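From first to last, the protein sequence lines stand for chains A and B. If you count by this note's numbering, then the first sequence holds residues 1 to 257, one letter each, in order. If you count by this note's numbering, then the second sequence holds residues 1 to 257, one letter each, in order.
Just so you know, the hints here were simulated from the structure itself, not pulled from any lab data. Among the clues, some could well be false.
Taking lysine-lysine pairs in the DSS-like style, the calculated list, with each CA pair at most 30 Å apart, reads [as the list claims (entries may be wrong)]:
| no. | chain 1 | residue 1 | chain 2 | residue 2 |
| --- | --- | --- | --- | --- |
| 1 | A | 95 | B | 161 |
| 2 | B | 145 | B | 161 |
| 3 | A | 58 | B | 243 |
| 4 | B | 161 | A | 58 |
| 5 | A | 24 | A | 108 |
| 6 | B | 91 | B | 145 |
| 7 | A | 77 | B | 145 |
| 8 | A | 186 | A | 226 |
| 9 | A | 58 | A | 125 |
| 10 | A | 186 | B | 152 |
| 11 | A | 112 | B | 152 |
| 12 | A | 104 | B | 91 |
| 13 | A | 58 | B | 43 |
| 14 | B | 247 | B | 144 |
| 15 | A | 220 | A | 77 |
| 16 | B | 161 | A | 108 |
| 17 | A | 125 | B | 247 |
| 18 | B | 161 | B | 247 |
| 19 | B | 247 | A | 58 |
| 20 | A | 184 | A | 24 |
| 21 | B | 91 | A | 77 |
| 22 | B | 144 | B | 161 |
| 23 | A | 112 | B | 91 |
| 24 | B | 50 | A | 104 |
| 25 | A | 108 | B | 59 |
| 26 | A | 216 | A | 186 |
| 27 | A | 112 | A | 6 |
| 28 | B | 152 | A | 125 |
| 29 | B | 59 | A | 69 |
| 30 | B | 152 | A | 69 |
| 31 | B | 152 | A | 104 |
| 32 | B | 43 | B | 59 |
| 33 | A | 77 | A | 183 |
| 34 | A | 108 | B | 43 |
| 35 | A | 58 | B | 144 |
| 36 | A | 183 | A | 220 |
| 37 | A | 226 | A | 58 |
| 38 | B | 43 | A | 112 |
Because the structure is a prediction, the values reported are computed rather than measured.
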Amino acid sequence: MFIQIKNVSKEYPDTNNNAVQVLKSIDLDIEAGEFICLLGPSGCGKTTLLNLIAGFEKVTSGEITINGKLAVEASSKHITIFQNYGLLPWRSVQKNVELGLETKDRSKSERKRIAGDFIELVGLKQYARHYPSQLSGGMQQRVAIARALAVDPEIIFMDEPFGALDAMTRINMQDEISNIWQKKKKTIIFVTHDIEEAVFLADRILVMSPNPGRIKSVIKVPIARKRDRTHPDFLKIRNKIFEEFEMKEKEKIEYYL
Amino acid sequence: MTKIKNLIYVAAGLAILVILWEAVVLTGRYEASLLPSPLDVLKAAVQLIKNGTLFSDIKVSLYRFIIGYSSAVTLAVILGLVLGRLTRTWKIIDPIVQVLRPVSPIAWFPFIVLWFGIGDMPAIVIIFIAAFYPVLLSTISAVKKVDEIYLKVARDFGIRKTNLLTRIIFPASFPYIANGLHIALGSAWVFLVAGEMVGAQSGLGYLIIDARNSLRSDMVLAGIIFIGISGLLLDRAIRFFEKRVEKRWGIVSREGI
Ligand SMILES: Nc1ncnc2c1ncn2[C@@H]1O[C@H](COP(=O)(O)OP(=O)(O)OP(=O)(O)O)[C@@H](O)[C@H]1O
Ligand SMILES: [Mg+2]
Chain A
1 MFIQIKNVSK EYPDTNNNAV QVLKSIDLDI EAGEFICLLG PSGCGKTTLL
51 NLIAGFEKVT SGEITINGKL AVEASSKHIT IFQNYGLLPW RSVQKNVELG
101 LETKDRSKSE RKRIAGDFIE LVGLKQYARH YPSQLSGGMQ QRVAIARALA
151 VDPEIIFMDE PFGALDAMTR INMQDEISNI WQKKKKTIIF VTHDIEEAVF
201 LADRILVMSP NPGRIKSVIK VPIARKRDRT HPDFLKIRNK IFEEFEMKEK
251 EKIEYYL
Chain B
1 MTKIKNLIYV AAGLAILVIL WEAVVLTGRY EASLLPSPLD VLKAAVQLIK
51 NGTLFSDIKV SLYRFIIGYS SAVTLAVILG LVLGRLTRTW KIIDPIVQVL
101 RPVSPIAWFP FIVLWFGIGD MPAIVIIFIA AFYPVLLSTI SAVKKVDEIY
151 LKVARDFGIR KTNLLTRIIF PASFPYIANG LHIALGSAWV FLVAGEMVGA
201 QSGLGYLIID ARNSLRSDMV LAGIIFIGIS GLLLDRAIRF FEKRVEKRWG
251 IVSREGI
């Protein structure tokens, strides 16, 4: 298995230094190339789980391995795309995308070419010389995606990447990330609290619940891409998740997924 | 339009000042040596410009200023970047700095003369001291304020050590450092004059001492006005630079880009 999460728990000290359990006995296997969505209410530990896998935080107990190696350190084999994009405002789009290439032994012209390719991939060719403050939120998010892809990581973590975008842009970005994922076959672990977004993007949706954070259920989405948000199968899965959150009266029909 | 309006305000302020001044002079209660009239001061100013003293004094003053200020800025920024990251080391040095900082650079004068002799050096050293602390302290606090997300991005892309300082921390903290540079410029300019009054045989500060020694209070005032104007121009220059930095870093609103 590509990513293995075995019995992972995470505690944080609260203000009185008492341990608070944020994640409890998380078990999960993720295959290479899978698109995973972490879905759950605020505070259920989605970001924490992502930070653990990405090596930004340490587990309290249990073990996370990526390709058989303990995930204890950030590495350019996996790149995180943050909700507020994490673009460097003092660098142009071009230079932002080149950032991760600078520490690898690559010539200047090669860096330029690679960055240029990915800027083109996300449709920002005309904006290469612009600065982040001159771009809209959706465009900034695209730059962050191009920057992540440029270092050719195996895994991309995305923490509510589209949370700050308006509904229209959000749908466009979902289409785009879905296309990119199909082209590049990266493993993507994607945090959201938008149910529809999760159903549109994921191979598997991990529904989490809070206090302490647990994986409540794992829902497969066996719908071919490109997915139609109005298709009955799509709605069926969406409804099932609504039920998981007990936001919808349980209907008599059983869903087999 | 607003520019013209502002100019009118400036002109009005200056006119009122000159009229009041002339009115006081006209009461005849003060001798010309105690309070020279505006016309006398203007004449003295014209004389200083015509015989070239003003420009040669401004030249030496600027020379000293640039040497003292730029060496202070270079050293303080480098030290600040490093100390801002070395929290423990800074805790050791901080108390020393807190004690030394409130000491007027002029107080060091006896030692400065012993160590550096006379000539250009005393003024340069005094400017150095005056500029050093504000830049050091603002750099350190700027480094501590660097948004965590930039550090996370750096970790993700494997940017460490010197690269981390030069590519991430320095540019990320630059707007706040620029603010420190602005403050330091003002206080250094104040001490330039003081430095030249006690240790030099040339420069704007010396111009004033020299005029006093020859009992030319009109020339003293003309010198004061020139010092004020040069300081103002320097301030405007660095403010322009500061504004550009803030705009590029996206700190001000996006209008007008
Ligand atoms: N560094 C920390 N120190 C202490 N408590 C923390 C820390 N980070 C997170 N927590 C706590 O852990 C819990 C889970 O936080 P986390 O950020 O993982 O939630 P989330 O599911 O990402 O929520 P959201 O959807 O609001 O982003 C929260 O109760 C939070 O207060
Ligand atoms: Mg979160």
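These are the hints, each one checked on the structure:
This hinted pair checks out: residue 95(A) and residue 161(B) have alpha carbons roughly 20 Å apart, not beyond 30 Å. The straight-line distance between the Cα atoms of residue 145(B) and residue 161(B) is roughly 18 Å, inside the 30 Å bound, and the hint therefore holds. Taken as a hint, the residue 58(A) and residue 243(B) pair is broken in the structure, with Cα atoms around 41 Å apart against an allowance of 30 Å. Restraint check for residue 161(B) and residue 58(A): satisfied, since their Cα atoms lie roughly 22 Å apart, inside the 30 Å limit.
Of the supplied pair hints, the one linking residue 24(A) and residue 108(A) is violated, its CA atoms being roughly 46 Å apart against a limit of 30 Å. Between the alpha carbons of residue 91(B) and residue 145(B) the distance comes to roughly 17 Å, so the proposed pair stays at or under 30 Å and holds. A hinted pair counts as satisfied when its Cα atoms are at most 30 Å apart, and residue 77(A) with residue 145(B) qualifies at roughly 28 Å. A distance of roughly 17 Å separates the Cα atoms of residue 186(A) and residue 226(A); the hinted pair therefore holds under the 30 Å criterion.
Restraint check for residue 58(A) and residue 125(A): not satisfied, since their Cα atoms lie roughly 39 Å apart, outside the 30 Å limit. For the suggested pair residue 186(A) and residue 152(B), the alpha carbons sit about 21 Å apart, so the restraint of at most 30 Å is met. A threshold of 30 Å between alpha carbons decides the hint, and for residue 112(A) with residue 152(B) the separation of about 24 Å falls inside it, so the pair holds. At most 30 Å may separate the alpha-carbon atoms for a hinted pair to count; residue 104(A) and residue 91(B) exceed this at roughly 35 Å.
For the suggested pair residue 58(A) and residue 43(B), the alpha carbons sit about 75 Å apart, so the restraint of at most 30 Å is broken. A C-alpha spacing of about 22 Å is found between residue 247(B) and residue 144(B), which places the hinted pair at or below 30 Å, so the restraint holds. The suggested pairing of residue 220(A) with residue 77(A) holds, with an alpha-carbon distance near 26 Å, which does not exceed 30 Å. A distance of roughly 21 Å separates the Cα atoms of residue 161(B) and residue 108(A); the hinted pair therefore holds under the 30 Å criterion.
Between residue 125(A) and residue 247(B) the CA atoms are separated by roughly 23 Å; this keeps the pair inside 30 Å, and the hint holds. As the CA atoms of residue 161(B) and residue 247(B) are separated by approximately 28 Å, the hinted pair is consistent with the 30 Å bound. A C-alpha spacing of about 38 Å is found between residue 247(B) and residue 58(A), which places the hinted pair above 30 Å, so the restraint is violated. For the hint linking residue 184(A) to residue 24(A), the alpha-carbon distance of about 33 Å lies beyond 30 Å, and the restraint is violated.
Taking the CA atoms of residue 91(B) and residue 77(A), the gap is near 36 Å; set against the 30 Å cutoff, the hint is violated. Between the alpha carbons of residue 144(B) and residue 161(B) the distance comes to roughly 16 Å, so the proposed pair stays at or under 30 Å and holds. A distance of roughly 43 Å separates the Cα atoms of residue 112(A) and residue 91(B); the hinted pair therefore is violated under the 30 Å criterion. Restraint check: the Cα-Cα separation between residue 50(B) and residue 104(A) comes to about 61 Å, which exceeds 30 Å; the hinted pair is violated.
Restraint check for residue 108(A) and residue 59(B): not satisfied, since their Cα atoms lie roughly 42 Å apart, outside the 30 Å limit. For the suggested pair residue 216(A) and residue 186(A), the alpha carbons sit about 25 Å apart, so the restraint of at most 30 Å is met. At roughly 41 Å between alpha-carbon atoms, residue 112(A) and residue 6(A) are farther apart than 30 Å, so this suggested pair is violated. Between the alpha carbons of residue 152(B) and residue 125(A) the distance comes to roughly 27 Å, so the proposed pair stays at or under 30 Å and holds.
Restraint check for residue 59(B) and residue 69(A): not satisfied, since their Cα atoms lie roughly 65 Å apart, outside the 30 Å limit. Taking the CA atoms of residue 152(B) and residue 69(A), the gap is about 21 Å. The hint holds against a cut of 30 Å. Of the pairs offered as hints, the one joining residue 152(B) and residue 104(A) holds, with about 18 Å between alpha carbons and a cut-off of 30 Å not exceeded. For the given pair, residue 43(B) sits about 22 Å from residue 59(B) by alpha-carbon distance, which is consistent with the 30 Å threshold.
A C-alpha spacing of about 18 Å is found between residue 77(A) and residue 183(A), which places the hinted pair at or below 30 Å, so the restraint holds. With a CA separation close to 61 Å, the supplied pair residue 108(A) and residue 43(B) exceeds the 30 Å bound. In summary, the hint linking residue 58(A) to residue 144(B) is supported, as the alpha carbons are separated by about 23 Å, within the 30 Å threshold. A hinted pair counts as satisfied when its Cα atoms are at most 30 Å apart, and residue 183(A) with residue 220(A) qualifies at roughly 21 Å.
As the CA atoms of residue 226(A) and residue 58(A) are separated by approximately 37 Å, the hinted pair breaks the 30 Å bound. At roughly 62 Å between alpha-carbon atoms, residue 43(B) and residue 112(A) are farther apart than 30 Å, so this suggested pair is violated.
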